[in-house]
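For the record, the sequence lines run as chains E and D.
Residue numbers for the first sequence follow the numbering used here, so the first one is 231 and each next one is one higher.
Residue numbers for the second sequence follow the numbering used here, so the first one is 394 and each next one is one higher.
Calculated directly from the structure, the hints in this document are not laboratory data.
Every value quoted in this text rests on a predicted model; they were computed, and no experiment measured them.
In this text, a Cβ means the ideal position worked out from N, Cα and C, and glycines have one as well.
It is possible that some hints are incorrect.
Claimed, not checked - Calculated cross-link-like contacts (lysine to aspartate or glutamate; reagent style DMTMM-like; alpha-carbon spacing at most 25 Å):
#1 E:K394 to D:D589
#2 E:K366 to D:D588
#3 D:K401 to E:D238
#4 E:K369 to D:D588
#5 E:K366 to D:E638
#6 E:K367 to D:D588
#7 E:K457 to E:D299
#8 E:K369 to D:E590
#9 E:K367 to D:D589
#10 E:K367 to D:E706
#11 E:K394 to E:E379
#12 E:K369 to D:E541
Said to hold, decoys possible - Computed footprint of chain D on chain E, listed as stretches where at least three residues anywhere in the stretch have a Cβ under 8 Å from a Cβ of chain D:
#13 321-335
#14 407-419
As the list claims (entries may be wrong) - Quick list of simulated restraints, FRET-style, between CB atoms:
#15 E:M371 to D:I510: 30 to 36 Å
#16 D:K401 to E:S435: 55 to 61 Å
#17 E:M371 to D:R502: 27 to 33 Å
So the chains spell out like this:
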Amino acid sequence: MSALLHVDNITKRFGGFVALDGVELMVNPGERLGLIGPNGSGKSTLVNCICGTLQNESGSVRFDGQVMDGLAAHQRTHRGIARSFQLPRPFHSMNLVDNLRIPLLYTVHARLGPLRSTGDLDARCLELLEMVGLAKKAKQMPRDLTQVEMRKLELARAMAAEPKLLIADESMAGLSHSEIEDILALLVQLNERGITVILIEHIMSAVMSFSQRLAVLVSGKKIADGKPEDVVRDPEVVRAYIGQ
Amino acid sequence: MNGVSTAKFSLIAIAIGAAVMAFAHWFNVDYLYFASYTILQFIVLATAWNILGGYCGYVNFGSAAFFAMGAYSSVFMHKFYPLPIPVLIMISAVVTGVAGLGMGYLTLRLRGSFFAIATLALAVVLQTLVVNWDYVGGSRGAYIIRPESLEFAGITINYIEYLFGLMLALAVLALVTARVIERSQLGFGFATIRDDELAAEACGVPTLRVKLIATTISGAFMGMAGAPFPYYIGYLQPSSAFGLEYAVNSIAMPMIGGTTSWVGPLVGAILLGSAQQYATVTISSAVNLLIVGLMLVAFVIIAPNGLIGLVQERLRAWRKP
Numbered sequence: 231m232s233a234l235l236h237v238d239n240i241t242k243r244f245g246g247f248v249a250l251d252g253v254e255l256m257v258n259p260g261e262r263l264g265l266i267g268p269n270g271s272g273k274s275t276l277v278n279c280i281c282g283t284l285q286n287e288s289g290s291v292r293f294d295g296q297v298m299d300g301l302a303a304h305q306r307t308h309r310g311i312a313r314s315f316q317l318p319r320p321f322h323s324m325n326l327v328d329n330l331r332i333p334l335l336y337t338v339h340a341r342l343g344p345l346r347s348t349g350d351l352d353a354r355c356l357e358l359l360e361m362v363g364l365a366k367k368a369k370q371m372p373r374d375l376t377q378v379e380m381r382k383l384e385l386a387r388a389m390a391a392e393p394k395l396l397i398a399d400e401s402m403a404g405l406s407h408s409e410i411e412d413i414l415a416l417l418v419q420l421n422e423r424g425i426t427v428i429l430i431e432h433i434m435s436a437v438m439s440f441s442q443r444l445a446v447l448v449s450g451k452k453i454a455d456g457k458p459e460d461v462v463r464d465p466e467v468v469r470a471y472i473g474q
Numbered sequence: 394m395n396g397v398s399t400a401k402f403s404l405i406a407i408a409i410g411a412a413v414m415a416f417a418h419w420f421n422v423d424y425l426y427f428a429s430y431t432i433l434q435f436i437v438l439a440t441a442w443n444i445l446g447g448y449c450g451y452v453n454f455g456s457a458a459f460f461a462m463g464a465y466s467s468v469f470m471h472k473f474y475p476l477p478i479p480v481l482i483m484i485s486a487v488v489t490g491v492a493g494l495g496m497g498y499l500t501l502r503l504r505g506s507f508f509a510i511a512t513l514a515l516a517v518v519l520q521t522l523v524v525n526w527d528y529v530g531g532s533r534g535a536y537i538i539r540p541e542s543l544e545f546a547g548i549t550i551n552y553i554e555y556l557f558g559l560m561l562a563l564a565v566l567a568l569v570t571a572r573v574i575e576r577s578q579l580g581f582g583f584a585t586i587r588d589d590e591l592a593a594e595a596c597g598v599p600t601l602r603v604k605l606i607a608t609t610i611s612g613a614f615m616g617m618a619g620a621p622f623p624y625y626i627g628y629l630q631p632s633s634a635f636g637l638e639y640a641v642n643s644i645a646m647p648m649i650g651g652t653t654s655w656v657g658p659l660v661g662a663i664l665l666g667s668a669q670q671y672a673t674v675t676i677s678s679a680v681n682l683l684i685v686g687l688m689l690v691a692f693v694i695i696a697p698n699g700l701i702g703l704v705q706e707r708l709r710a711w712r713k714p
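Isolated chain E, as found in the complex (with noise of 0.2 Å):
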């Protein structure tokens, strides 16, 4: 089986200080893959690399069988390639149909041609929030929605393009144990779909029931990659958490 994200050897750097060194990642079709990593050892910005947000200096990521390298976000998330934000960006003039309805018009669109005319368009918007369990608040605005429901949305808005790749970037932080199960089923549900899902996690208990596999970042290096249960009990990644 030939991997569908290969992330091979990049590395980024921001002047002086090296985010990325030399990371090497794959991500097979269908898999569940856990990220994590202290802070600031280089999870947002291997995610901004993969996205297109930010250009790997060396290195090169393959996605689906096709290079990425120079290509811009936008070309990314029309080859397939779909993010969910840290903090929630959602569209603060539009009401959340409307804001699904973006990538429904710039992503799949583009990739399919014009197929969908308003009323489907409308109708798949609607789909989407019911699967997020947002239907009702259709024609509110972003600013009404609690942090939980905001998340939701993110996750919904990313997989209005149809992707064949979900990144979602921390979208549990500073959530409450029912709403983070919440959007765990939601994440496992998509996966059953058959989309391939990496999360970024810093709450372990979430992490270690949704990953197959697991890769651990620290200081811009990938130390261990492999079955969860095995890696939180390696000793480099022991000490990178805990220290010596």
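Based on these hints, arrange chain D on the given structure of chain E.
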């Protein structure tokens, strides 16, 4: 208004335009043409500014540069090879559209006040160029003797009425374009740029291309507003074409009317334009910018989302008791 289709809206807009034209013709006072021409010109300018400033959230301080570029394109063509004004308008649209595209390409990496400063700089640079360009009059300015009247299909039309009609048609075109954009995929794309460019990219919006489309359309309409200006004013000099009032008015009018819809610039331009025309006759033309300043301050306090925003808020409060 949501249900009205573009075709129907265009017909209504054209009908209103024709009615205004018929009324003006029936009234037939030269001063009315002169005064309303200015107001119509500001409707076009304000609508054009709003396509970039209101829809996309990029504040352009260089409106005067585009307006003047349109006007000077006409002066250039007048000397080089005289053509009818509608053709000059099209030439100006191309020239300033390309200039808008170029400005966008050079400056859109800047955000917020940095973008605004860059557009202001563009105006200064262009004015310096024009002042030193002898062919179009340089700092002396250029005279354009406009004919008294115009023969068209056997009918004699008063020239100022002709200019008024052209500007009226441009205003209708600008408003219809703005409304079409608002409801289209492009309009949604503009709004995502105003809200959050990073999220827009993540949703697949090609932000740079969308912004370039905005600067091009916006620039083209500003140039079109400026193209008939030398014929209207008769004597064009750099300081009047690059006047501060164009930059200030085209920002203030959408702000006062409301920046999120095509109605805002229309209402703002009529309100502010009429007030200025009234002040010009009754007090002095120097009061114009004072009026703009005072109204802008008042609206920022009373209605930060413009008149349209204020009305929408009241309606929402009234529906939800």
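Next on the checklist: Tell me the numbers of any earlier hints that the structure contravenes, in ascending order.
Outcome noted: 3, 5, 7, 12 and 14
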